Amino acid sequence: MKLLVCISQTPDTTAKISFNADNTEFNNAGVQFIMNPYDEWYALVRACELKEALGGTVTVINVGPATNETTIRKALAIGADDAVRIDSDPKSAGFVAKQIAEYAKNAQFDLIFFGKETIDYNGSEVGAMVAEYLDLPFVSYASKLDLNGTVATLERDIEGGVEVLEVDLPFVLSAAKGMAEQRIPNMRGIMTARTKPLTEIPAVAFDGFEKVSQFTLPPAKAGVKLIDPNEMVELVRLLHEEAKVI
Amino acid sequence: MVLVFAESPRGHFKKSAFEAVTYGKKVAELLGTDCVALTLGPVDDASVLGTYGAKRVLNLPDASLTHFDSQLYTQAIADASKQLGAQVVILGHTTTGKSVAGRLAVRFQGGLISGATGLPVLAGKNLLVEKTVFSGKAVAQYELSGAVNVISLMGNAVKPEQTGSAVAPETLTLALNASKIRVKEVKTQEGTVPLPEAEIVVSAGRGMKDPGNWGIVEDLATTLGATTACSRPVADSHWRPHHEHVGQTGIAIRPNLYIAIGISGAIQHLAGVNNSKVIVVINKDPEAPFFKAADYGVVGDLFEIVPRLNEAFKQFKAAN
Ligand SMILES: Cc1cc2nc3c(=O)[nH]c(=O)nc-3n(C[C@H](O)[C@H](O)[C@H](O)COP(=O)(O)OP(=O)(O)OC[C@H]3O[C@@H](n4cnc5c(N)ncnc54)[C@H](O)[C@@H]3O)c2cc1C
Chain A
55 MKLLVCISQT PDTTAKISFN ADNTEFNNAG VQFIMNPYDE WYALVRACEL
105 KEALGGTVTV INVGPATNET TIRKALAIGA DDAVRIDSDP KSAGFVAKQI
155 AEYAKNAQFD LIFFGKETID YNGSEVGAMV AEYLDLPFVS YASKLDLNGT
205 VATLERDIEG GVEVLEVDLP FVLSAAKGMA EQRIPNMRGI MTARTKPLTE
255 IPAVAFDGFE KVSQFTLPPA KAGVKLIDPN EMVELVRLLH EEAKVI
Chain B
112 MVLVFAESPR GHFKKSAFEA VTYGKKVAEL LGTDCVALTL GPVDDASVLG
162 TYGAKRVLNL PDASLTHFDS QLYTQAIADA SKQLGAQVVI LGHTTTGKSV
212 AGRLAVRFQG GLISGATGLP VLAGKNLLVE KTVFSGKAVA QYELSGAVNV
262 ISLMGNAVKP EQTGSAVAPE TLTLALNASK IRVKEVKTQE GTVPLPEAEI
312 VVSAGRGMKD PGNWGIVEDL ATTLGATTAC SRPVADSHWR PHHEHVGQTG
362 IAIRPNLYIA IGISGAIQHL AGVNNSKVIV VINKDPEAPF FKAADYGVVG
412 DLFEIVPRLN EAFKQFKAAN
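Respectively, the protein sequence lines represent chains A and B. 201 is the number that our numbering gives to position 147 of the first sequence; each next residue is one higher, with no gaps. 219 is the number that our numbering gives to position 108 of the second sequence; each next residue is one higher, with no gaps.
Everything labelled a hint here was simulated from the structure, so no lab data went into it. Since this is a predicted model, take the numbers as computed values, not measurements. Ideal Cβ positions, reconstructed from N, Cα and C, are used throughout, including at glycine. Keep in mind that a hint or two might mislead.
Listed next, with one range per pair, are the computed distances between beta-carbon atoms [said to hold, decoys possible]:
id, chain 1, residue 1, chain 2, residue 2, range
1, B, 322, A, 282, 28 to 34 Å
2, B, 320, A, 287, 41 to 47 Å
3, A, 110, B, 143, 39 to 45 Å
4, A, 108, B, 274, 54 to 60 Å
5, B, 175, A, 236, 25 to 31 Å
6, A, 253, B, 302, 39 to 45 Å
7, A, 120, B, 274, 53 to 59 Å
Simulated pairs of lysine-lysine, BS3-like, Cα-Cα distance not exceeding 27 Å [to be verified]:
id, chain 1, residue 1, chain 2, residue 2
8, A, 279, B, 248
9, B, 428, A, 298
10, A, 250, A, 105
11, A, 265, B, 236
12, B, 270, B, 248
13, B, 428, A, 265
14, B, 388, A, 298
Which bits of chain B does chain A cover? Going by a derived footprint, with three or more residues having C-beta under 8 Å, they are [said to hold, decoys possible]:
id, region
15, 148-162
16, 177-183
17, 416-424
Build the full structure now, drawing on both the sequences and the hints.
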């Protein structure tokens with residue numbers, strides 16, 4: 055079985071967010087980067103578990119500059135067999151999807167995994183786009199995945215519930231909480247990751263139809279108004295008259 | 112024209128559909144054109160979409176659309192857009208909308224903004240639209256330059272407005288491919304408003320000490336008609352069901368009112384809730400980081416404060 059896991063690199067949640075002088079680009083300086091948690095904890099770990107149980111290979115792919123290698127090596131340490139890096143800045147969701155689709159279209163993967171969204175742009179876009187390029191079914195927000203031969207059974211989070219469904223390989227999925235448990239790479243994993251193959255591929259040209267024209271920081275909160283614990287009637291009055299939310 | 116996909120899971124519209132049509136009408140006004148609403152699968156009564164501003168309401172009643180399949184929905188929306196000559200396609204930023212928006216953008220070779228939080232403005236022929244990024248820590252304005260642009264609209268970003276009158280739905284016929292997805296079962300908790308749609312959320316954390324103490328939280332939620340949520344450790348220790356988990360690794364919400372009870376306000380928790388319009392924090396520790404993100408704070412023991420707050424809300428409800 056051939057599995058592909060698409061991994062993104064994102065600023066750590068605790069990172070301070072700032073932009074360049076004309077507010078058109080994210081300022082990387084001093085920012086700690088991590089593997090996008092949904093890609094790592096849920097998509098990658100579940101792919102590795104399936105490979106370990108059923109045989110096959112797990113390939114990870116990242117669209118990003120050479121500095122992303124640390125993140126890619128971590129994915130190899132967690133259990134992926136080989137990696138591909140498309141050598142370019144990930145300019146937009148559309149750009150990244152095009153690169154992954156170009157790579158995957160002739161590679162005959164049985165299953166392509168994404169995390170449900172990235173924690174930077176929170177778009178949930180790339181998985182659906184890749185599925186469209188490859189004309190494959192897309193199961194989003196999957197919280198459970200089991201395989202029986204070429205038939206997959208999945209649970210999918212929907213608003214206020216879950217959907218249980220079946221689909222035949224190949225298809226594309228995006229993974230949510232529940233799919234797997236976070237895996238800390240062990241010493242052996244870290245050692246072997248150093249020598250696992252990492253292939254670099256140039257990007258294909260793609261002009262998208264959207265770009266960020268400006269970033270702004272949200273207005274600072276006015277500061278908390280403290281209410282005496284014995285004055286809950288006053289809090290209710292404020293929520294009604296001042297905040298107008300009840 | 113502007114095409115709005117009005118989602119109707121299991122035959123019923125939800126608030127996101129009315130928000131999307133309200134938004135679509137305003138986008139149509141901006142572009143000097145009409146807003147047309149499209150519904151997929153068997154649906155209760157689509158004429159109501161006219162009251163939110165749809166000039167025409169189209170329904171594709173095909174039974175194969177009863178269950179969601181991103182390929183079929185994409186085909187239906189894309190074919191309808193082409194037939195009607197849509198310039199902008201609008202969907203709710205729901206699990207369905209998000210799974211289709213990217214596919215549509217690829218099919219149209221068009222622009223996409225996922226999770227728009229406000230109305231577009233025009234920049235020549237292009238649209239400028241905003242969304243929040245970096246888990247609510249910044250706002251990004253996108254410029255969309257496609258011949259067709261796709262917008263998925265964040266929940267609670269606009270208020271549904273009934274400004275028009277009902278419109279008789281027209282039936283649309285399109286030939287659809289066979290679905291490759293076999294839905295076996297849909298399990299939903301009927302009767303409660305799902306978290307992403309809730310206007311008021313009452314959320315509690317480890318400060319509750321024991322799952323047996325949740326009665327006071329549920330009582331408060333019942334008084335307010337609110338949906339309950341929780342912090343991650345609470346869900347991880349199975350004190351509360353997983354679908355209540357909000358934050359960076361749970362779900363992100365933006366209700367009008369978020370009441371946080373016995374939650375410290377770690378950055379990963381805030382990532383999922385800091386776009387709430389008004390935040391009330393109840394915590395015994397005056398140094399709890401959540402107070403920095405709060406609009407109103409009460410420092411003290413939640414076991415005394417929550418029942419008192421519930422009584423105050425009850426009095427308010429009785430008087431109003
Ligand atoms: C990568 C990563 C992702 C994460 N994702 C999430 C996420 O999505 N969502 C999330 O919630 N967390 C997440 N976390 C965990 C997060 O960092 C915090 O650990 C967690 O939010 C703390 O939960 P809590 O506030 O319920 O508990 P605590 O931090 O233990 O806080 C309990 C609070 O209750 C107060 N309290 C105690 N007793 C009383 C009382 N009697 N009356 C009033 N107040 C009282 C205390 O003062 C304290 O502030 C994540 C962590 C990591 C590392």
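**Asked** Do residue 108(A) and residue 274(B) keep their Cβ atoms within the hinted range of 54 to 60 Å?
**Response** Holds - the Cβ-Cβ distance for residue 108(A) and residue 274(B), about 56 Å, lies within 54 to 60 Å.
**Asked** Are there three or more residues in the region 177-183 of chain B whose C-beta lies within less than 8 Å of some C-beta in chain A?
**Response** The restraint on the region 177-183 of chain B holds, since 5 of its residues have a Cβ under 8 Å from chain A and three suffice.
**Prompt:** Holds or violated: residue 279(A) with residue 248(B), Cα cutoff 27 Å?
**Reply:** Answer holds: residue 279(A) to residue 248(B) is near 22 Å, not above 27 Å.
**Pair hint outcome, residue 428(B) versus residue 265(A) [Cα-Cα no greater than 27 Å]** = Status violated; Cα separation ~47 Å.
**Prompt:** residue 270(B) and residue 248(B): Cα distance at most 27 Å?
**Reply:** 23 Å, holds
**Prompt:** Can the restraint linking residue 388(B) and residue 298(A) be considered satisfied, given a maximum Cα separation of 27 Å?
**Reply:** Given that 27 Å is the threshold and the Cα spacing comes to 10 Å, the pair holds.
**Message:** Taking 25 to 31 Å as the stated bounds, is the beta-carbon spacing between residue 175(B) and residue 236(A) within them?
**Reply:** 38 Å, violated
**Prompt:** For the pair residue 120(A) and residue 274(B), does the Cβ-Cβ distance stay inside 53 to 59 Å?
**Reply:** Roughly 54 Å apart at Cβ, these two residues keep to the hinted range, so it holds.
**Prompt:** Is the hinted pair residue 265(A) and residue 236(B) satisfied, with a Cα-Cα distance of at most 27 Å?
**Reply:** 15 Å, holds
**Asked** Holds or violated: the region 416-424 of chain B covered by chain A, criterion of 3 or more residues with Cβ-Cβ distance under 8 Å?
**Response** As far as the region 416-424 of chain B goes, the hint holds, because 6 residues have Cβ atoms under 8 Å from chain A.
**Request:** Given the hint that residue 250(A) pairs with residue 105(A), test it: the Cα-Cα distance must not exceed 27 Å.
**Result:** 16 Å, holds
**Request:** With 41 to 47 Å as the target window, see if residue 320(B) and residue 287(A) comply at their CB atoms.
**Result:** Hint violated: Cβ distance 27 Å, outside 41 to 47 Å.
Figure legend: structure checked against the earlier numbered hints; hints not met, in rising order: 2, 3, 5, 6, 13 and 15.
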